[in-house]
Amino acid sequence: MSETLNVAVTVNGKKSERAVEPRLLLSDFLRHDLRLTGTHVGCEHGVCGACTVLLDGEPVRSCLLLAVQADGREVATVESLSGEGPDRLHPLQEAFRDCHGLQCGFCTPGFLMTLLPFLDENPDPTEPEIRAAISGNLCRCTGYQHIVDAVLLAAARRRA
Amino acid sequence: MKPAPFAYEAPETLPAALVSLARYGDEAKVLAGGQSLIPVLNFRLAQPARLIDLNRIDGLSYVRRGADGGLSIGAMTRQRELERSPLVRQVAPLLAEAVPWIAHPQIRNRGTVGGSLAHADPAAELPALAVALDARFRLVKEGGERWVAARDFYTGLFATLLEPDELMVEIAIPPAAPSTGFSFLEVARRHGDYAQVGLAASVTLDADGRCRAARLVYLSVGDGPVETPVAAALLIGQALNGESIAACAAAVNGEIDPLGDIHATPEFKRHLAQVLARRALALAGERAGSPM
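Chains as they are written, first to last, in the numbering used here: chain A, 1 to 160; chain B, 161 to 452.
No lab work stands behind these hints, which were simulated from the structure alone. Fair warning: this is a prediction, and the values are worked out from it, not measured in the lab. Certain hints may be false.
[Unchecked claim] To be clear about the criterion: a stretch of chain B counts as covered by chain A if any three or more of its residues have a C-beta under 8 Å from a C-beta of chain A, and this derived list gives those stretches:
hint, region
1, 208 to 217
2, 255 to 265
3, 344 to 357
4, 368 to 374
[What the hints assert, rightly or not] Some chain A residues well away from chain B (every beta-carbon gap over 10 Å; in silico):
hint, residue
5, 76
6, 83
7, 133
Note that the Cβ used here is the ideal one computed from N, Cα and C, for glycine as well.
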């Protein structure tokens with residue numbers, strides 16, 4: 001193992017500190033070091049969007065960041081969305097469930113973390129706006145239609 | 161671990177970064193937004209001995225009005241900030257129109273203006289936009305700096321005038337001439353994919369509504385941004401109409417030499433280049449105030 005650097009990062013509100021190699025990706029840091037395996041790793045070159053997390057509130061690809069770059073910053077993963085237990089889903093997750101916005105679920109964490117800030121910024125999105133917002137996330141099961149439906153439903157429930 | 165091992169440093173000041181570059185420039189890679197560099201490291205297509213991370217340096221991220229009334233943009237400004245900037249929309253509407261075409265929101269949240277310009281991917285939007293806007297780049301190194309025009313900066317495939325010990329720190333975009341219209345169009349298989357062909361066009365009209373200046377700068381049809389000055393010159397002195405635009409668009413093919421890929425043959429790209437020229441010139445002309 002080559003030299004290690006200290007990284008102190010707040011993940012889902014909890015501060016963690018580890019000594020890591022500089023080449024460790026943030027995605028692997030979350031999954032392997034912090035055991036937060038909700039963040040999925042698909043292509044690892046920035047195409048599929050499965051590893052999307054929030055860095056200081058903005059959606060980013062965690063496979064295109066080094067863990068050391070998150071030093072002193074705040075990260076939110078999909079684990080931050082739900083409460084304890086299977087019935088304590090975030091409203092966005094509930095809308096995905098209600099609209100069949102997922103089948104295998106591999107891409108879902110990335111979609112959720114992409115859409116969360118999108119809905120904050122755009123509480124009443126049109127379908128084309130939603131499709132543009134999720135253009136950086138690949139889903140091989142749903143054909144996207146049910147995901148778009150889920151976002152429209154989540155937005156409508158939020159406004160109600 | 162995907163990338164091969166490297167030494168890592170994140171200097172907190174520009175002078176400290178320049179010292180490191182002077183010392184390690186040949187073996188080091190500069191990490192800006194990382195949206196092109198990290199994939200290359202993950203695939204181990206590049207195995208630099210050292211990364212010099214610019215993300216801890218304050219003062220390289222800004223969008224301001226330049227002394228000439230144009231724009232001054234810090235090299236570490238995220239592409240997302242350009243997209244959201246009212247000043248960009250006001251002073252350089254071409255940039256505001258084109259930035260949403262750069263990859264996806266998650267990428268633009270990290271990707272930087274200077275990183276993309278210095279990386280010189282022939283399919284990237286920003287290099288072609290910089291050429292179309294007559295941008296100039298401020299390049300600094302330990303004990304020196306120089307300004308280079310965007311149209312001189314790109315020298316080949318992923319090749320630029322940037323020396324290993326130099327850093328791009330600022331982009332200056334002059335104000336547009338009066339009665340100038342811009343447009344940006346791109347064809348990609350899906351929004352956010354690499355462009356099959358993209359085009360930034362500008363048209364400046366004289367008092368009689370005739371074309372005084374015109375420029376077409378393509379992306380994804382050559383080694384870097386590709387200008388077609390011979391085709392553009394056909395518009396000079398002409399009223400912008402279907403006929404003059406069609407003649408210009410037809411002439412574009414004499415100045416581009418696109419390579420094919422699995423999604424597009426060279427012939428298809430040539431076809432797209434003509435179609436985009438017609439659409440982009442009509443749109444730019446309309447915005448410049450031409451009765452179309």
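Structure-based check of each hint:
Here the region 208 to 217 of chain B counts 3 residues with a CB under 8 Å from a CB of chain A, which clears the bar of 3, and the coverage holds. Against chain A, the region 255 to 265 of chain B contributes 4 residues with a C-beta closer than 8 Å to a partner C-beta. That satisfies the three-residue criterion, and the hint holds. Check on the region 344 to 357 of chain B: 3 of its residues sit with their Cβ under 8 Å from a Cβ of chain A, so the three-residue criterion for coverage holds. Using a Cβ-Cβ cut-off of 8 Å, 0 residues of the region 368 to 374 of chain B lie near chain A, which falls short of the minimum of three, so the contact claim is violated.
Consistency note on residue 76 of chain A: stated as away from chain B, and its beta-carbon is indeed over 10 Å from all of that chain's, at 14 Å minimum. With a least beta-carbon separation of about 26 Å from chain B, residue 83 of chain A lies farther than 10 Å from that chain, consistent with its non-interface assignment. The Cβ of residue 133 of chain A does not lie farther than 10 Å from every Cβ of chain B; its closest approach is about 6 Å, which violates its non-interface assignment.
Checked against the numbered hints given earlier, the structure breaks hints 4, 7 and satisfies all the rest.
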